[in-house]
Amino acid sequence: MLNRGVNYKIPRNLLFLFESIALFLMFMYYRNALDRSTIIYGLSLIFIIYISNLILSKIVSGDNYIFLIVTMLASIGIIMIYRINYEQGFKQIIWISLGIVLFFATYFIVKRIKGWEKLFLYYCLASVFLFLATLLLGRRFKGAINWISIGGISFQPTEIIKILAILMIASYYTNYDRFKEKKWGRYYLIGIMYLFVFFLFLQRDLGSVLIFCSLFLALQYIYDENRKLVLANIVVLMFSGLLGYVIFPHVRIRFETWINPWEYIDTIGYQITQSLFAISEGGFFGTGLGLGHPDFIPEVSKDFIFSAICEEMGILTGIGVIMLFMILVYRGFKISINQRNKFFRIVALGISILFGIQSFIIFGGVINMIPLTGITIPFVSYGGSSMLSSFIALGILQVASEELDIEED
Amino acid sequence: MFNILSLVFKYVFIVIIYMFIFSIIKLIYLDIKGIRPIPADSGTYLKLINRKDTLPFKVKEYYPLEDNVFLGRGNDNEIVIKDPYISKKHLRIVKDEDEYFLEDLKSANGTYVNGDRVMDVVKLNNGDRISVGQVEFLFVNKE
Amino acid sequence: MEKEIKRIITVLAGICILFVSLVVYLTYFQIFKADKVKNSSYNKRLWINEEKILRGSIIDRNGKILAYSELNGETYARVYNYGNLYSHIIGYSYRDYGKSNLELYYNNVLLNTSESAALNELKNLVEPNSEGNTLKLTIDHHLQEYSRNQMKGKKGAIVAMNPSTGEIYAMVSLPDFNPSTLREDWGNIVEDENSPLLNRAISGLYQPGSTFKVVTAISALENNMYMEDYECTGTAVVDGYPLKDYDGKGHGTVNLNEALIYSCNPYFAETGIKLGIDRLSETAEKFLLNREIPFDLPVKKSLFPKKGNIGKTDVAAASIGQGKVLVTPLNMALIASGIANKGDIMKPVLVKEVISKDGKVIDSFKAEVISRATDIFTANELKNMMVDVVNKGTGKNARISNIRVAGKTGTAENPSGNDHAWFIGFAPADDPKIAIAVILEEEGSTGGQKAAPIARNIMLEALNTINN
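Chains as they are written, first to last, in the working numbering: chain E, 1 to 409; chain X, 1001 to 1143; chain C, 2001 to 2468.
Just so you know, these hints were derived from the structure itself, not from any lab.
A couple of the hints might just be wrong.
Said to hold, decoys possible - FRET-style restraints, in silico, Cβ to Cβ: (1) X:M1119 - E:K114: 32 to 42 angstroms; (2) C:T2027 - E:F239: 51 to 61 angstroms; (3) E:M238 - C:K2003: 17 to 27 angstroms; (4) X:N1050 - C:K2003: 17 to 27 angstroms; (5) X:I1004 - E:N13: 44 to 54 angstroms; (6) E:F90 - C:I2048: 23 to 33 angstroms.
For every residue, glycine included, the Cβ atom is placed at its ideal position computed from N, Cα and C.
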């Protein structure tokens, strides 16, 4: 085995250093409200992250960087969340730890079990089932029906569907030759995707519509043999986008607020303008942790955590986060290119595109470069569903980074 | 007190984060160069002679050799090559004192060193060409 | 296989471009837009910082306190001692309504913070900021009050200043509002057609009418194009259009001096046409028209036509201060000051000194010439003519016994309503201590009748009470 622990020591240790200093600072910040359990949890998290990175570099034959990058992102995120809200920070520690556990679990399960590419139908049905469940049982939150509550636990089905969709698309194109033979086989996928977009539209989850469309379009562009279909798809999507703008007022409002948020500063533009205030306050180096006012932004821990990071840790840290995502996406693509197994190649691509597009959309939204949509930053934003599903996706990506057998049948 | 700490640390954080980013970029860059740099002290390995993309199965450029290495189609070998012309357990390379020996494990299609078929055990010398299945290796021993 | 890889790389490149554009936009935003965004009054951070600092007071030139902050429980509240009187000078500073006028433009000075956040941090480390600086204005409270009373009930503006230093003693704009009751009155204020929030002295643009003839006269003198004998019949026909005097009668044979005294329109129209728009505009610009006037508050640019197709009628109109000519009352006061001050126009000043919380003067203004509008001899000639205007001509209502007063009246035709009544002047003529411009908007009467007496009273009051 050629993996030498020594290569990965530097970033692993830097991460440890960063977390330690940041945690120390946070303990000082909360010195009056500190209790034993928080200290223990905080230290444990640093420990867990360090150990996981160490273990990973020893036992896994594939890529190590993605986990390293992700844990750095998660660390930056949790420091910010903890600073903003004591309890949310606490919960986020739990989510990250659970996420790491799920990561390893997914890794082992996906690696051992074969035949993932044959489950096209199951992926479809599961997604549709979740969509219907959301529509029937879902609770409306900030205009979008996103959540299901079952027995005290609430989660976002869309997060799961994202992964299912990637698996579905991958299995479709892996078995494309077989689908081609069926009547209408070439159009199965596109039909299903439009169905999904339709569901999401019903849910008023415009951010997810954007994600799904981009994801599907990108994968279709790469893999569909029917090039005219790809072109047709692009045209239809653009057209429906315009149509959506014209017909639906809630789409129009997003655009108008984007173009001139100052005009709507008292109403719908409040969040984005507060976000802009936070970002401009920080300058390049930030105000310093605990010295800014990120709490002026409503719902800051979720979508606007990036603005808080820019305010207190500076634009430079914000750019650092963007760079980390860029490297993550690049790594994912590299993994995909190196993978001979077609199914996992597409899956790796899908997951990388997902991370890339999702983070771009939300970053662009909170700095007002593009209209705002309500989606989370993978690994950084506060929230269980997002964190867990992101780690699961990462686990699958980790599997895809290794040399796998090509099933010949 | 906290204020001063926070003010100082914000610069520290940025430095650390960027060092982190650059160290990862550096590692990736080294990776991109294609070939993992062979550390100087692992002096004994098998180097692939065939062109990798002419072979219909995965095979690596380098296989480092430890004291006891099995090669074959089966997954429990140290060196796994999915070549249909290679047996499940095809051959073994053993280090004894400071010399390396190759033993063919009664493979179906045989193992050839420098063109000669190996019947039992053969001592390997630096520069020997080993043919197994469709694959040809160069035995490198710098020591 | 190959195609697939190419396409994959295309998608990767696309995503990378997206990310790079994020970084670029973020940097661009920080460098170019951040400061403006930060200073929006909706930014609660501005206020949080403020609440910890005692905002500096604003006092007049004699130390009288015009505005200050007092502790109201946990936070500071702003108190405006004289309500309406300084609404257009000091303005207001409120969380919900933002800041205006000096409270806005001198915000950093009043809070003793700097523009740069980094600098503030460092300063706070060394010594925590708790109190702002005091602004000492050039305004003389008594004169300000007196001037406003003179204009009570009317619409318009007054600017009274020292022609040799540029200090503004009084600046009044009516209608005004009460900053102390801003919250309650806001609805009415905003809906009011007469725009009480507008500071007419620096943001109102009016046609100067005959007061502009002083500029035309200077242009004629400098270019040696003044007529010695002109037959004024009361009307002049320019390009087929008749141009009348105010009462249409004729003034008989006049020279430049007499034309100014009696404010003869046809004379100046002919003179203007003879000079041509280029020479006229050159002089006008030396008197600050078409130029940014540096001041402690933003001043609207006065306009004098000089580009494009300018026909004879336009030139004629411009030379008598009508047509496309638009000026701010401050500009007119500066013109009067320039003539009073041997041809040099001084920079107008509102803030005399900045005093730190320990009582140290950390900044004080320096008198500065912003335009050498004309030479001392021409200025002197004009000065004498303007004295004649007051003694013998349309400005008789501006006379003060035992003091030589120089002035010029103006009655500007207002295309959308009644005429504006203007008066500009200075006194005493030989050693001017006060220069003034008065405009009564839509007064419907002549400058000589209504504006001149107001100016006279204020000038007299100034001469009597101001001695520093």
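Evaluated hints:
1. Between X:M1119 and E:K114 the Cβ separation comes to about 39 angstroms, which falls inside the hinted range of 32 to 42 angstroms.
2. Taking 51 to 61 angstroms as the suggested C-beta distance range, the pair C:T2027 and E:F239 does not conform, at roughly 35 angstroms.
3. The hinted window of 17 to 27 angstroms between E:M238 and C:K2003 holds, with their beta carbons roughly 24 angstroms apart.
4. Checking the proposed 17 to 27 angstroms range against X:N1050 and C:K2003 shows it holds: the Cβ atoms sit about 26 angstroms from each other.
5. Our hint of 44 to 54 angstroms for X:I1004 and E:N13 is violated, since their Cβ atoms are close to 26 angstroms apart.
6. In this structure, E:F90 and C:I2048 meet the distance hint of 23 to 33 angstroms, their C-beta atoms being roughly 27 angstroms apart.
In terms of the numbered hints stated before, the structure departs from hints 2, 5, listed from lowest to highest.
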